[in-house]
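Chemist: Given only the sequences and the hints, what does the whole structure look like? Please build it.
First to last, the sequence lines map onto chains A and V.
Mapping of the first sequence onto the working numbering: residues 1 to 455, in sequence order.
Mapping of the second sequence onto the working numbering: residues 1001 to 1462, in sequence order.
There may be inaccurate statements among the hints.
Derived lysine to aspartate or glutamate pairs resembling EDC-like cross-links, with alpha carbons at most 20 Å apart [to be verified]:
hint: 1; chain 1: A; residue 1: K140; chain 2: V; residue 2: E1072
hint: 2; chain 1: A; residue 1: K230; chain 2: A; residue 2: D191
hint: 3; chain 1: A; residue 1: K63; chain 2: A; residue 2: E26
hint: 4; chain 1: V; residue 1: K1082; chain 2: A; residue 2: E212
hint: 5; chain 1: V; residue 1: K1372; chain 2: V; residue 2: E1399
hint: 6; chain 1: A; residue 1: K272; chain 2: A; residue 2: D426
hint: 7; chain 1: A; residue 1: K63; chain 2: V; residue 2: E1035
hint: 8; chain 1: A; residue 1: K230; chain 2: V; residue 2: E1399
hint: 9; chain 1: V; residue 1: K1438; chain 2: A; residue 2: D45
hint: 10; chain 1: A; residue 1: K129; chain 2: V; residue 2: E1090
hint: 11; chain 1: V; residue 1: K1082; chain 2: A; residue 2: D191
hint: 12; chain 1: V; residue 1: K1082; chain 2: V; residue 2: E1010
hint: 13; chain 1: V; residue 1: K1438; chain 2: A; residue 2: E42
hint: 14; chain 1: V; residue 1: K1438; chain 2: A; residue 2: E127
hint: 15; chain 1: A; residue 1: K82; chain 2: V; residue 2: D1149
hint: 16; chain 1: A; residue 1: K2; chain 2: V; residue 2: E1072
hint: 17; chain 1: A; residue 1: K129; chain 2: A; residue 2: E156
hint: 18; chain 1: V; residue 1: K1401; chain 2: V; residue 2: D1364
hint: 19; chain 1: A; residue 1: K129; chain 2: A; residue 2: E212
hint: 20; chain 1: A; residue 1: K213; chain 2: A; residue 2: E280
hint: 21; chain 1: V; residue 1: K1089; chain 2: A; residue 2: D145
hint: 22; chain 1: A; residue 1: K82; chain 2: V; residue 2: D1025
To be clear about the criterion: a stretch of chain V counts as covered by chain A if any three or more of its residues have a C-beta under 8 Å from a C-beta of chain A, and this derived list gives those stretches [stated by the list, open to error]:
hint: 23; segment: 1037–1050
hint: 24; segment: 1053–1065
hint: 25; segment: 1077–1086
hint: 26; segment: 1130–1142
hint: 27; segment: 1254–1268
None of these hints come from the bench; they were simulated from the model.
Bear in mind the structure is a predicted one, so any value in this text is a computation, not a measurement.
Ideal placement from N, C-alpha and C gives every residue a C-beta, glycine not left out.
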Amino acid sequence: MKHMTEQEILDACEFAVDYGSKSGIEIEAYGVFSTENTVSLERNDIATGVSMEYSGLGIRVFKSGSMGFSSVNSLEKDSIKKSVEKAVKIASASPPSGEHNRLPERPEESKYRRINGLYDPSIEEFEMKDALVRAIGMLKAARQDSRVMVDSGSFESGWMVRAIANSTGLSLSEKSSSLSYFIMGMAREGDDVSSFNYRYKGTHMLSEVDTEKTGKEFADLVLKTLGARKTESFKGQVIMTPDAFVDLLVSPVMYLTSAENVQKGRSAFAEKIDKTVAAEKLTITDDGTIDGGLGSSMFDREGNPHAAMSVVENGVLKSYLHNTRTAIRGGLGPAGSTGHGSGGFSGVPGVGSTNLDIAAGDISLDEMISGVKKGIILTRISGYPDPISGHYSGTVKGGMLIEDGEIVRPITGTMISGNIFENLRDIKAVSREREELFSVLAPYVLVDDVSIISE
Amino acid sequence: MLDTLKKAMEEAKADYAELRFQERDVTAVSVSGGEVDQASSSSSRGTGIRVLYRGAWGFGSTNSTKYEDILETLRRAEVSAKVASENRKELVKGIAEGRMARGLFTANVTGNLRNISIETKIETVLDAANRANSDGIATTRSLYREILDHKILVSSIGVEAEIYDSKPEFMVSAIAKESGVLVSGRESIGVTGGWGELFKVHSPEDMADSAREKAIRLSRAKVVKGGKSPVILDQGLVGLISHEAIGHTTEADFVLSGSAAAGMVGKQVASPLVTLADSGVSAIAGTAAGSIPVDDEGTLTQETVIIENGIMKGYMHNRETAHIFGVEPTGNARAYEYTDEPIIRMRNTFILPGDMTMEEMLEDVKDGYLLKGAGSGQADANAEFMFDVQEAYKITNGEIKELFRGASISGNAFEVLKAVDAIGRDFAYDMGAGYCGKGQPAKVDGGGGPIRTIVTIGGVHQ
Chain A
1 MKHMTEQEIL DACEFAVDYG SKSGIEIEAY GVFSTENTVS LERNDIATGV SMEYSGLGIR
61 VFKSGSMGFS SVNSLEKDSI KKSVEKAVKI ASASPPSGEH NRLPERPEES KYRRINGLYD
121 PSIEEFEMKD ALVRAIGMLK AARQDSRVMV DSGSFESGWM VRAIANSTGL SLSEKSSSLS
181 YFIMGMAREG DDVSSFNYRY KGTHMLSEVD TEKTGKEFAD LVLKTLGARK TESFKGQVIM
241 TPDAFVDLLV SPVMYLTSAE NVQKGRSAFA EKIDKTVAAE KLTITDDGTI DGGLGSSMFD
301 REGNPHAAMS VVENGVLKSY LHNTRTAIRG GLGPAGSTGH GSGGFSGVPG VGSTNLDIAA
361 GDISLDEMIS GVKKGIILTR ISGYPDPISG HYSGTVKGGM LIEDGEIVRP ITGTMISGNI
421 FENLRDIKAV SREREELFSV LAPYVLVDDV SIISE
Chain V
1001 MLDTLKKAME EAKADYAELR FQERDVTAVS VSGGEVDQAS SSSSRGTGIR VLYRGAWGFG
1061 STNSTKYEDI LETLRRAEVS AKVASENRKE LVKGIAEGRM ARGLFTANVT GNLRNISIET
1121 KIETVLDAAN RANSDGIATT RSLYREILDH KILVSSIGVE AEIYDSKPEF MVSAIAKESG
1181 VLVSGRESIG VTGGWGELFK VHSPEDMADS AREKAIRLSR AKVVKGGKSP VILDQGLVGL
1241 ISHEAIGHTT EADFVLSGSA AAGMVGKQVA SPLVTLADSG VSAIAGTAAG SIPVDDEGTL
1301 TQETVIIENG IMKGYMHNRE TAHIFGVEPT GNARAYEYTD EPIIRMRNTF ILPGDMTMEE
1361 MLEDVKDGYL LKGAGSGQAD ANAEFMFDVQ EAYKITNGEI KELFRGASIS GNAFEVLKAV
1421 DAIGRDFAYD MGAGYCGKGQ PAKVDGGGGP IRTIVTIGGV HQ
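Modeler: Below, the structure is given as structure tokens:
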């Protein structure tokens, strides 16, 4: 199949819009073309090479307060026509549910900015054999110590074209490249098996790829949890690594600040704008315009531009994330989206964050550890918090025991339980060091008063 | 399309080639807060091609149906395999041959989903969400989703199968608010079949009522206290443990990576009462959501016994791992979309029912819990698991007492199965609305008879 250009995808979108435009109907078409080369790792060896190309078009139709959606992965004209007809049929069959079912007001041209660092032209010459070299580099670096067992991993490279057109005359397209890799497994020494753990990394730029570094980081992570033993139950301090902090606290905060969840009664952050929801040390900013950011793009899933936005500032909730539907429902009008329409071509735009920047604190990780009398370092927890009640409990994975300011040893057979709303308020310290976890830049945090339970 | 695939296959230079054309139509309706969030229809079609070339795999996919594009995709897969082959330390030594499929395979359907109008689907979801709403309920949600598949599978060892599949699912949930705390109640079902099979056991109305009542009940319940305790686990939790905590460790690729089931064949891993199987097609598999007559390597599926009377009998295999272990492939190689390569996945995983009634099982429990409703959770390769439980009823002297919420269970799944001292006779599946994730989704199901055992209950630590 011939690689499709930005113009060809945009043409397909415009064809759908022209075909579906009738009086009383609003229509939007979002199209993609993508090509990928992936090398996967399995059981300490190269597993498979996978090459993939796909295209697709998502068509959204609004008709007197109702919405219909259809998607198709063939961009032939007949397939597009059929898909438009289906979307119109579904809109006609749906009961009207309100004035929020309409297209966004067309933003001014000046609001859009081409983001730098999203596309690396050298990706076009990056072949399967090049992906293989990077994958092997990661595997070898991880296995320099023979106790490290790589269960799985992959190196993925590719590029993508996104385009959107709608019946307000909007017409936009963008091309980006992406390189991402992960490695997962454990360490084994005799009968002693460490916790399962993983590392991952992503970038738009080939020059930033360093799979060996990630392989080594993974090896260090699993090796240091060999020889883990149980500990007794106690209530103490927990230092969350950036990974654990994002999984346990940041992700739920982003769920709770989605206007979709707020409006549908699924968020405890409803009516909490300008109220304190976390300790003063917590500041979260969402910004989809950062050059080179993995969550950056010129336009969101419904064609709206992004802008930097404060979500939580010094512990105070500042804003919800909106797409056009939630903005209208929330009284912000058809131009009120914050640019957080998210998703792929095959579904209706949802609400999602772009790049998250969690402000660094004023102490180093070492200082943080030395201030802990009795506690643990948490790298991962099995189980997710319930974002509705805030309750969580789970087994500590790759945990380390801290006593009198020193890391004593790895622990196993330990559970922690608590409530994310309490933990957010109990953040006592935030580290200067931060790690980039795909589109999130996050520090280590110290949380007080967590129940640590020996199983 | 069959001829195009066969013509391309004849051009293969690889030692083995497998071509899978897949056409998929997905219709979904979701309602929340009393309004239609989205009603949608997605169509996709394309071909995934996998080759084995000098001991390494290559895979490629295309959404084009043209012969030249399919041939080019085959060539790309061959290049990928060649590049991998030159760099692999250990080469694939062979792929076992099982009972390979030829012919037409069609899911049994009552009420073909293509003949049920989009209006009916929207109305069913909207009605259920409205019905689940009442005083004390903050919000409700309901969704319907159907996956209709048409596949044509050919391979160079003579597989030539055409498959029609139909898998609908339905879910309704209610969130109750009591003194500032939000608690949800949820009912769901997913099957292989049509509209008739989907609502055969419970109507959408019954499920809406049940979700609402559960949410209200739970909102008034106290939070459970933790500790080790005798418990009776309902069919949903039995399915969840069978799938997540036991099943995954017995997938042969995980076994080769050193999962807890490695080296356990022939050993006592559970109570003699326990027989655990994973089934693609069998009497007990019935219309369960994970049923498939043929896997995506073209192997005819069957009932695969993993644990028989407490003894581990074998693992779940694709053709490659079956060759390594010297057994027949079990038909567990599955791919979700044409863009996915087949990997080892479960189908319907369950513990066979026993002979006891719930009353008999309760009788001997002096102080314990009846745990109902699977929630979210996680399990590790060492069979350690942690799952949320929807409802925890205290059992005192054989009688069901007060309801608690906020419970989770944890432990080592094999230890939990060793401690089983009773299995109930009421068999049910309860995982059909969900998906299993292993890099790609899969429709699976899980269930069993209820079991009596010992687990660690986690709750809010006081």
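Chemist: Look at each hint and say if it fits the structure.
Modeler: Hint by hint, here is what the structure shows:
| no. | hint | verdict |
| --- | --- | --- |
| 1 | A:K140 with V:E1072 | 32 Å, violated |
| 2 | A:K230 with A:D191 | 16 Å, holds |
| 3 | A:K63 with A:E26 | 7 Å, holds |
| 4 | V:K1082 with A:E212 | 24 Å, violated |
| 5 | V:K1372 with V:E1399 | 15 Å, holds |
| 6 | A:K272 with A:D426 | 18 Å, holds |
| 7 | A:K63 with V:E1035 | 15 Å, holds |
| 8 | A:K230 with V:E1399 | 36 Å, violated |
| 9 | V:K1438 with A:D45 | 19 Å, holds |
| 10 | A:K129 with V:E1090 | 18 Å, holds |
| 11 | V:K1082 with A:D191 | 37 Å, violated |
| 12 | V:K1082 with V:E1010 | 19 Å, holds |
| 13 | V:K1438 with A:E42 | 13 Å, holds |
| 14 | V:K1438 with A:E127 | 26 Å, violated |
| 15 | A:K82 with V:D1149 | 19 Å, holds |
| 16 | A:K2 with V:E1072 | 11 Å, holds |
| 17 | A:K129 with A:E156 | 12 Å, holds |
| 18 | V:K1401 with V:D1364 | 15 Å, holds |
| 19 | A:K129 with A:E212 | 17 Å, holds |
| 20 | A:K213 with A:E280 | 34 Å, violated |
| 21 | V:K1089 with A:D145 | 17 Å, holds |
| 22 | A:K82 with V:D1025 | 13 Å, holds |
| 23 | 1037–1050 | holds (count 10) |
| 24 | 1053–1065 | holds (count 9) |
| 25 | 1077–1086 | holds (count 6) |
| 26 | 1130–1142 | holds (count 3) |
| 27 | 1254–1268 | holds (count 3) |
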